[in-house]
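J.: Chain by chain, the residues:
4 protein chains.
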Amino acid sequence: MAFPRIGASDLRGIMAYPPTPAKPNAGDIDARDTVDLDETERMIKQLLQDGVDSIATNGTLGEMATLTLEEWKAFASVVVETVRAHDPDFPLFIGATTLNTRDTIDRMRFLRDIGAPGVLLGRPMWSEMTAKTMIRFYQDVAEAVPDLAICVYDNTAAFRGIIPTEVYEALSRIPQVVAVKYAGGAAIGFRYHNDLQAVGDRIKLFPIECIWFFAYSLYGERVPGCWSTTATCGPEPVLYLRDVLLANDLTEGRWIAERILWAHEPFIVSRDFPEFARYNIQLERLRYEAAGYIKPGPSRPPYYMDLLPEQHVESTLEHVRRWQQVRQEVAERLKARAATTA
Amino acid sequence: MAFPRIGASDLRGIMAYPPTPAKPNAGDIDARDTVDLDETERMIKQLLQDGVDSIATNGTLGEMATLTLEEWKAFASVVVETVRAHDPDFPLFIGATTLNTRDTIDRMRFLRDIGAPGVLLGRPMWSEMTAKTMIRFYQDVAEAVPDLAICVYDNTAAFRGIIPTEVYEALSRIPQVVAVKYAGGAAIGFRYHNDLQAVGDRIKLFPIECIWFFAYSLYGERVPGCWSTTATCGPEPVLYLRDVLLANDLTEGRWIAERILWAHEPFIVSRDFPEFARYNIQLERLRYEAAGYIKPGPSRPPYYMDLLPEQHVESTLEHVRRWQQVRQEVAERLKARAATTA
Amino acid sequence: MAFPRIGASDLRGIMAYPPTPAKPNAGDIDARDTVDLDETERMIKQLLQDGVDSIATNGTLGEMATLTLEEWKAFASVVVETVRAHDPDFPLFIGATTLNTRDTIDRMRFLRDIGAPGVLLGRPMWSEMTAKTMIRFYQDVAEAVPDLAICVYDNTAAFRGIIPTEVYEALSRIPQVVAVKYAGGAAIGFRYHNDLQAVGDRIKLFPIECIWFFAYSLYGERVPGCWSTTATCGPEPVLYLRDVLLANDLTEGRWIAERILWAHEPFIVSRDFPEFARYNIQLERLRYEAAGYIKPGPSRPPYYMDLLPEQHVESTLEHVRRWQQVRQEVAERLKARAATTA
Amino acid sequence: MAFPRIGASDLRGIMAYPPTPAKPNAGDIDARDTVDLDETERMIKQLLQDGVDSIATNGTLGEMATLTLEEWKAFASVVVETVRAHDPDFPLFIGATTLNTRDTIDRMRFLRDIGAPGVLLGRPMWSEMTAKTMIRFYQDVAEAVPDLAICVYDNTAAFRGIIPTEVYEALSRIPQVVAVKYAGGAAIGFRYHNDLQAVGDRIKLFPIECIWFFAYSLYGERVPGCWSTTATCGPEPVLYLRDVLLANDLTEGRWIAERILWAHEPFIVSRDFPEFARYNIQLERLRYEAAGYIKPGPSRPPYYMDLLPEQHVESTLEHVRRWQQVRQEVAERLKARAATTA
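Residue numbers (UniProt numbering), protein chains in the order written: chain A, 1 to 342; chain B, 1 to 342; chain C, 1 to 342; chain D, 1 to 342.
There could be a bad hint or two in this list.
It does not matter which identical chain is meant; a pair holds if it fits inside one copy or across any two.
To be verified - Subject to a maximum C-alpha distance of 20 Å in a straight line, what follows is the list of computed EDC-like cross-link-like pairs (lysine to aspartate or glutamate):
{"#": "1", "residue 1": "45", "residue 2": "89"}
{"#": "2", "residue 1": "132", "residue 2": "310"}
{"#": "3", "residue 1": "132", "residue 2": "275"}
{"#": "4", "residue 1": "295", "residue 2": "318"}
{"#": "5", "residue 1": "23", "residue 2": "103"}
{"#": "6", "residue 1": "23", "residue 2": "38"}
{"#": "7", "residue 1": "132", "residue 2": "28"}
{"#": "8", "residue 1": "132", "residue 2": "272"}
{"#": "9", "residue 1": "295", "residue 2": "306"}
{"#": "10", "residue 1": "132", "residue 2": "306"}
Derived by calculation from the structure, the hints in this document are not laboratory data.
So here's chain A without its partners, still in its complex pose (with noise of 0.2 Å):
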């Protein structure tokens, strides 16, 4: 039997969350080649050159749900050949949710064939799944395609319902599960905990880069990293964080996981996670495009920009402004530290 080239150990510091850059053209219902090919091959090789540590695509603000299946293999192949010249063993997860089982495997293989490491796995989420049902179904695709990693995708509000600890007891048994992008309301407490009992050293259950500070300030080495989409907003303060903490300089983490909640306080998805999930994919591109560090375009029907909520832009664009003043922060900080140990 194949095993993945990625383990969980192999996990540490800071997953991307980038979108799928889109041409302007994106919200037109005609139009059936919209992905920003060269923006994402930019935007990749500008994670990769600024020092994230993993990347994963197509959860729900990659758009895994309105891309066609050309246009997923067509992104999924720049990405995969981009991060491939960088670096082989670097640990990417492509996005494959989708409505069964079966398709899900065929993009898998899709995935394998052209050189992808691993896959981002939320699942299917037509009917609301039970825990025997959840566990078959990560059991099989990990089955059908032994030589895949598996980020399992964990979203409330996608996938109808948090992951009983118990299904994290058995995904931890399947070799192929590696990581979690753990949702669990972006707060560490009594779920974070047992689930972190549950899974051990063999799966990697990263949080949000928001929370991080505070599973790292008690379990330290055993969550090692996090995911992050504001990533993509500019990633130096998460790199920042990543640095301290790893270097468990817990007095510098303080200061950066404090400005960085400070940064999303205006964020509808801190304050009201089920309004934020009903406009996820247009909020996420809305405040990339303000931040300026990529390109990503308008999101595809039918989640429109012009259907979102003027309070919504508003609060987004504060964030988007807090953002960038942290990032300045950091460099004055990074600027200060070199100037001292200089």
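Given the structure of chain A, go ahead and fit chains B, C and D onto it with the hints provided.
T.: Chains B, C and D alone, transformed into the frame defined by chain A:
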């Protein structure tokens, strides 16, 4: 601008919801050709011959979620061909729900090209849709494929909540939208009343057969039909319901309505809809298999038959036993009536 | 063992749900004597004189939640006395829902001692109750005060969910339980059918007046009555509904049922029950005030009238305008009928 | 205008939440004098002697819902008297949650009159409260009894949802509101962060002891304490947590935080809060009984001990076994430390 061949006024009587017959290997994750096309043709012919008034396919039980694109095309082609051979103007709605607008449009264009007159259409369900997004979605697809009639698929479990009355009002202004497979908790009351006012005679709001009598008792010809999944367990009781109701024989309608409800008492759909929705696909396969009117074959992954809890198996089989009894009672009723009129 | 004076078979026709009339100072947090006892007496006399068939008080709109114990006693005493003066056997149910079993028993004993024949009883709602706890609760109170008839108060908002069918079955085995103010989403369908089978003729499951026609159309004398809060906006339409339905005049029943539903179309209760439930107390006061049949006075803290959003005020007033029109139509109908029969 | 004797700055360390000890007959629906006042006095003295920093009573586990008014008065009187004998300025919050504003005010006045310095206050829960209603409620009671400090009781199960951040902001402007028994899913993340910003230093947001470490690790002295129900299973572990955290010994804090979480792993509260909430009262009694630090006696109707499912009994007892082990570990740790410093 083109218009559909089917209008709201063409819809009357029983809209049957047959499954997608599966070959014995349908539960195998490596099978890619799982549709039993012979049984598909036989099933459609049987339903047409027995006298259902319209047919809709590929909702939840029709495994829109789990068929591959090629399987769906093969199934749709046989259904369309079989129906057209019977009657080119027969109201047929093939399901084309996907995760986004463009994939649905591509499927609708395929359906139009093979001669299908209509489409059964739920909304993309990765994210919970707001009212505005629902309206835009149906406007988009109607504009893109204007010669296809649309039956809106309302399923509060699959599509994350109700369709608000204001949305029904807006949908009724889209010429292509002619009907709704109305869910609404399988009950007639405030919501149904308000939705009926909102759509006027521009859309037919078809309730489930079990509760059609309630709607007909007050609204009469404004609700001239119902949808029926149980029809594929043997349609005689629902056809009898249709015949007596549309002849305004409320006394006989009361008798058969009560018998149909009685037959559904043990079935989990009538007791706990969220629990039913977790096992919808398997439960429907199970009862069709037990009833013997068609040969459904097994469900497809990830919704395996063996994931069905034992208590649901037993209560479903009791439901089928009752249904068979009601079929018998109807047969005797018809014989007695024939004798009387002879 | 003692038994109640009222049995299920005594319940037929309209069960009115009047509020607890308030003095002008009822919104003052320092007022402790806010019940308008004169208006209470007048209101009850008026309802009795106009011909309602049973009366229940102190549910949600009757402000079980916001009356002090002394106010509740004063109100209950006047209601009991007024009703008994009219007819000692009149079916009257005074609300005694509290946060626990013992307080409810003490209230029930008070009611028994002042001569009340029945109690309207929701369950303690601090914690969500399991089925077993619901059954035990009603068994306990029935055993403790066996000579009081119980009308179960079903309200999915206040009491955190439905009453499962298995609980209805168990409640129907308690001799004191004679009726249910049935909620069930204000609709007739699967759930109502199953619950009706579960209770047999041992309990009357009264639906809201707006949908009684649906139930009567199928079940006839098994559902010989309904509850009505709108009756206190002027009971003529519901009394007319009762008269024609119980005379089995379904044609006329159809007319008045449709008019009653029409009058409720603008009212938020018919459009969004969870939203209605947030403002239940104030909304009922508002419409009673506007209708002018009784003088309700203001609601009590914390449910202040001025917390009502403007759009709900407007839609409620439109509902009342429609109701007044229906009252007028009924008056003319009765006049025309009288002329015909004269 | 009067002001409370306790301010937010007086709150630091462990806020214990002991139950209302019950006599053996507390499960009898005819008992009306079920509080074990001797054990009450002993329990309070023990907690004070062992060194908890504040005490709050009569939340959910303290059976605010099931005590009669007279029992509540008797219990409150003994608690206030016992605490005052120890230290008149000790921060004590007696629960006074009722179904309405006026009853709560009357209870608060009683508490003030017997010398209690504070009140633990959830909101009326018959109807789901809107943000504006929540604010008005707390404003009303604070204005009516200005000399009583208020600890807001946040319980998403009992009070139908979260307290929105905007409400926390408004509450922090009421001088009487000094603290919150913060729930928030027993986790530290986005919501906690935003609420903390909203209240500034005007209110203390105390998390549960199990997750205090996470909050302290980032916010330090802005979160100088926690609430603890487990303290009544033997407070040594939480007192040790307090001592090391407030001495800023994060290394030792990490150890004891992890042990406390470990002890809670089997307890249903850490795994499924909605399920816990259905049995909250009985589960707390069960574990206090098993731990032996106090004698809780049985719970009161309708929340009978024998309604507790067997699996919850077993997992709770395992939780207690672990807690006892942690108490032992702490004792040894302290002994070793004493030996070191000696």
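J.: Now, for every hint given, state plainly whether the structure supports it.
T.: Hints versus structure:
1. Taking the shortest alpha-carbon separations for residue 45 and residue 89, only the intra-copy value of 15 Å comes in at or below 20 Å, while the best inter-copy value is 56 Å.
2. Only between protomers do residue 132 and residue 310 lie at most 20 Å apart by alpha-carbon distance; the minimum there is 14 Å, versus 42 Å within a single protomer.
3. When the C-alpha separation of residue 132 and residue 275 is checked against a cutoff of 20 Å, the pair qualifies only between copies, where the shortest distance is 14 Å, while the shortest distance within a copy is 29 Å.
4. When the C-alpha separation of residue 295 and residue 318 is checked against a cutoff of 20 Å, the pair qualifies only within one copy, where the shortest distance is 19 Å, while the shortest distance between copies is 51 Å.
5. Proximity of residue 23 to residue 103 under the C-alpha cut-off of 20 Å is restricted to the inter-copy arrangement: shortest distance 18 Å between copies versus 26 Å within a copy.
6. Within a single copy, residue 23 and residue 38 get their C-alpha atoms as close as 10 Å, which meets the 20 Å cut-off; across copies the closest is 45 Å, which misses it.
7. Taking the shortest alpha-carbon separations for residue 132 and residue 28, only the inter-copy value of 17 Å comes in at or below 20 Å, while the best intra-copy value is 40 Å.
8. For a Cα distance limit of 20 Å, the shortest separation of residue 132 from residue 272 across copies, 18 Å, qualifies, whereas the shortest one inside one copy, 30 Å, does not.
9. Taking the shortest Cα distances, residue 295 and residue 306 sit within 20 Å of each other inside one copy (18 Å), while across copies they are farther apart (47 Å).
10. Proximity of residue 132 and residue 306 under a CA criterion of 20 Å is satisfied inter-copy only: 10 Å between copies versus 40 Å inside one chain copy.
Every hint from the earlier list agrees with this structure, and none is contradicted.
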